[in-house]
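Colleague: The lines below spell out each chain.
Number of protein chains: 2
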Amino acid sequence: MIEKVEQPTVNDGYRNFPMVPKVVFGKGSFDQLEQILAAERKDRAPFVFIVDDIFENQPSLVDRITLKFNDKLIFASTIEEPKTTQVDEIVKKIRTEYKELPSGIIGIGGGSILDLAKAVSIMLTNSGSASEYQGWDLVKKKAVYHVGIPTISGTGAEVSRTCVLTGPEKKLGINSDYTPFDQVILDPDLCMGVPKNQWFYTGMDCFIHCVESLQGTFLNAFSQSYGEKAYDLCVEIFLSDDLTAEEARAKLMMASWHGGMSIAYSQVGVAHALSYGLGYVLGTKHGIGNCIVFNHLEEFYPDGVKLFKQMMEKHDIDLPVGICSQLTDAQMETMIDTALGLEPLWENALGNNWRDIATREKLRELYLKM
Amino acid sequence: MIEKVEQPTVNDGYRNFPMVPKVVFGKGSFDQLEQILAAERKDRAPFVFIVDDIFENQPSLVDRITLKFNDKLIFASTIEEPKTTQVDEIVKKIRTEYKELPSGIIGIGGGSILDLAKAVSIMLTNSGSASEYQGWDLVKKKAVYHVGIPTISGTGAEVSRTCVLTGPEKKLGINSDYTPFDQVILDPDLCMGVPKNQWFYTGMDCFIHCVESLQGTFLNAFSQSYGEKAYDLCVEIFLSDDLTAEEARAKLMMASWHGGMSIAYSQVGVAHALSYGLGYVLGTKHGIGNCIVFNHLEEFYPDGVKLFKQMMEKHDIDLPVGICSQLTDAQMETMIDTALGLEPLWENALGNNWRDIATREKLRELYLKM
Numbered sequence: 001m002i003e004k005v006e007q008p009t010v011n012d013g014y015r016n017f018p019m020v021p022k023v024v025f026g027k028g029s030f031d032q033l034e035q036i037l038a039a040e041r042k043d044r045a046p047f048v049f050i051v052d053d054i055f056e057n058q059p060s061l062v063d064r065i066t067l068k069f070n071d072k073l074i075f076a077s078t079i080e081e082p083k084t085t086q087v088d089e090i091v092k093k094i095r096t097e098y099k100e101l102p103s104g105i106i107g108i109g110g111g112s113i114l115d116l117a118k119a120v121s122i123m124l125t126n127s128g129s130a131s132e133y134q135g136w137d138l139v140k141k142k143a144v145y146h147v148g149i150p151t152i153s154g155t156g157a158e159v160s161r162t163c164v165l166t167g168p169e170k171k172l173g174i175n176s177d178y179t180p181f182d183q184v185i186l187d188p189d190l191c192m193g194v195p196k197n198q199w200f201y202t203g204m205d206c207f208i209h210c211v212e213s214l215q216g217t218f219l220n221a222f223s224q225s226y227g228e229k230a231y232d233l234c235v236e237i238f239l240s241d242d243l244t245a246e247e248a249r250a251k252l253m254m255a256s257w258h259g260g261m262s263i264a265y266s267q268v269g270v271a272h273a274l275s276y277g278l279g280y281v282l283g284t285k286h287g288i289g290n291c292i293v294f295n296h297l298e299e300f301y302p303d304g305v306k307l308f309k310q311m312m313e314k315h316d317i318d319l320p321v322g323i324c325s326q327l328t329d330a331q332m333e334t335m336i337d338t339a340l341g342l343e344p345l346w347e348n349a350l351g352n353n354w355r356d357i358a359t360r361e362k363l364r365e366l367y368l369k370m
Numbered sequence: 001m002i003e004k005v006e007q008p009t010v011n012d013g014y015r016n017f018p019m020v021p022k023v024v025f026g027k028g029s030f031d032q033l034e035q036i037l038a039a040e041r042k043d044r045a046p047f048v049f050i051v052d053d054i055f056e057n058q059p060s061l062v063d064r065i066t067l068k069f070n071d072k073l074i075f076a077s078t079i080e081e082p083k084t085t086q087v088d089e090i091v092k093k094i095r096t097e098y099k100e101l102p103s104g105i106i107g108i109g110g111g112s113i114l115d116l117a118k119a120v121s122i123m124l125t126n127s128g129s130a131s132e133y134q135g136w137d138l139v140k141k142k143a144v145y146h147v148g149i150p151t152i153s154g155t156g157a158e159v160s161r162t163c164v165l166t167g168p169e170k171k172l173g174i175n176s177d178y179t180p181f182d183q184v185i186l187d188p189d190l191c192m193g194v195p196k197n198q199w200f201y202t203g204m205d206c207f208i209h210c211v212e213s214l215q216g217t218f219l220n221a222f223s224q225s226y227g228e229k230a231y232d233l234c235v236e237i238f239l240s241d242d243l244t245a246e247e248a249r250a251k252l253m254m255a256s257w258h259g260g261m262s263i264a265y266s267q268v269g270v271a272h273a274l275s276y277g278l279g280y281v282l283g284t285k286h287g288i289g290n291c292i293v294f295n296h297l298e299e300f301y302p303d304g305v306k307l308f309k310q311m312m313e314k315h316d317i318d319l320p321v322g323i324c325s326q327l328t329d330a331q332m333e334t335m336i337d338t339a340l341g342l343e344p345l346w347e348n349a350l351g352n353n354w355r356d357i358a359t360r361e362k363l364r365e366l367y368l369k370m
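If you're matching them up, the sequences are chains A and B in order. Position 217 (the first sequence) corresponds to 217 in this note's numbering; numbering is contiguous. Position 353 (the second sequence) corresponds to 353 in this note's numbering; numbering is contiguous.
Check the hints yourself; a few may be wrong.
For identical chains, the list gives no copy identity; a pair is met inside one copy or between any two copies.
[To be verified] Straight-line Cα separation of at most 27 Å, DSSO-like style, residue types lysine-lysine; simulated pairs: (1) Lys-42 <-> Lys-285; (2) Lys-22 <-> Lys-141; (3) Lys-285 <-> Lys-142; (4) Lys-285 <-> Lys-369.
Honestly, the hints are just simulated from the structure, not real lab data.
Bound-form chain A, shown alone (with noise of 0.2 Å):
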């Protein structure tokens, strides 16, 4: 989820980066919820809970959400990742069921929750269509009040300056100022129950963020801290043999936000940019597509690949295999297409000279290994 493809380059200084203003961190702590909202909520406006519909029929999440007055709580499908039409369908129903706008919204689940979350929390105050604000810098209102709330540990969207949506046109972030959540809720708990290979899926996507933005020519000490931490913690978490699960659940919740703050000044590389190309052509999933990718990549990220086989083989997960193999000529063609159009990342991992390596020979070759 993590991803800085949509970046411009900056004329006029260091990008002044935003921080989530207030963070509480603790096993058991998403019963704060109540309380902190308590201090938001304004007259009748409702507070609106955007939560993951894998916890539908799961009483021990969603009886512990308090409805107050005329709250409402919205279930949300993540089969496919989030989409403008699906953020301009919330705010409508919200538009037309309130006359006011409300106290605030509360994202409950994985990076698609609260990606949709921050984007509905800024479409109730900027007009038009969500597709319309997908890039850098185009909102011009602060958003309503919104609080994030992950179930899910790895994507980085807890911490982060955008939110990635498919559009009509593109898919592509809305990255503004307006775009990170007023408050974060990190309760490791609330991990628990997440299938082992989502589980690792989402926690590889903090892992190979963190290594193509070390190893590239894009950073700088800040982001670079950030970095190696979250490098450091998934190393630990995912092949150390010292960790208790409730140690490595909260661990990885931190390596998720230090990845996420460490794309600050940095930029992803290689593996996104072939993972991109999946998801365009086949509907490949974020994480999964960045590891059916990495998986392949020794050449450019040899101790990170190393690293990461070594993962795969400890928590015995299988990938899936030859899922470019039928793919037509056109297909491939417009893959390759994909992956090359984005210029930033490929700088950023090869350095000035990349078209001399990053040829659609490689590129093909690379894809018909997976």
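Starting from the structure of chain A, add chain B where the hints point.
Modeller: The following block gives chain B in isolation, referenced to the frame of chain A:
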């Protein structure tokens, strides 16, 4: 400077920690200050710059501060650590000179100046004396917009939720949600002229804090991850031979930042407790005081003290010796009382039965070594 001495027990859940909402990092980023302030200026309300008077005759920094309209530059002394009376005087001066509240306060300097700037911004909107707000969450009104620009690294004051002040009755921070800066600019180049001893003592403020909090009993994964990163950076900066001066400056700025973040859910220990005793009786400043004390704490922090001694040797640092040899009995008793009064620090360091280990005789023996 980092300190949590005043921290109360939390009975109603985990602390909801405020983070600095905007940060710029980068070599030369100081020059972006003018542009950042332009967006925050309110009509005729001035910006007030509080600058360490060490820069009074250094045009290389002062000439880069653009005063517009009725903006004001105040040079402040840091020979002593900041006092509530100093805060009250600056606030009175600003109120006398201007009819309106300032557009903002900008602190440029080390931990003392940053704490002074935070306190002034709070006291401009809250009535009475700064001494009435020393403690936990006593501030009722939002501070004036305030910007922190460190010129030496290690205190963590640029990111912390407190500003430590010496009042008529106590040395204690104004610890509140309104204390953190609204904007921080991290420009490693501003630390270029720091004298070696001061560089070392202030860097060790960060290192010693991390040793104490990481080895303490009050830690969680959030603070641990920040503390570990700050610790690792300090080891790299002060012991490796592979860094350029420029890289080391940038990394130390990040160590201070992460060290400051790590105090969210952690506590200091034996070194800070004993150092407070020195400060109270002898007026020893925080950075050097921590070093003098820590040098004799092998039995409590064996790994940390070993590294510390290597760092001292590598950088050819001489610490004062025999500073307690001339104390009267009464002074020694006061020093011991001051140190032992900081119960949460001892409990963090040594557990519930700390009184069995930290006896008066033990403390006297340690102080006499210093």
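Colleague: Work down the list of hints and note, for each, if the structure agrees.
Modeller: Against the structure, the hints:
no.	hint	result
1	Lys-42 <-> Lys-285	neither (38 Å within a copy, 47 Å between copies)
2	Lys-22 <-> Lys-141	both (21 Å within a copy, 17 Å between copies)
3	Lys-285 <-> Lys-142	neither (30 Å within a copy, 44 Å between copies)
4	Lys-285 <-> Lys-369	within (18 Å within a copy, 63 Å between copies)
Going down the numbered hints, you'll see the structure goes against 1 and 3, while the others check out.
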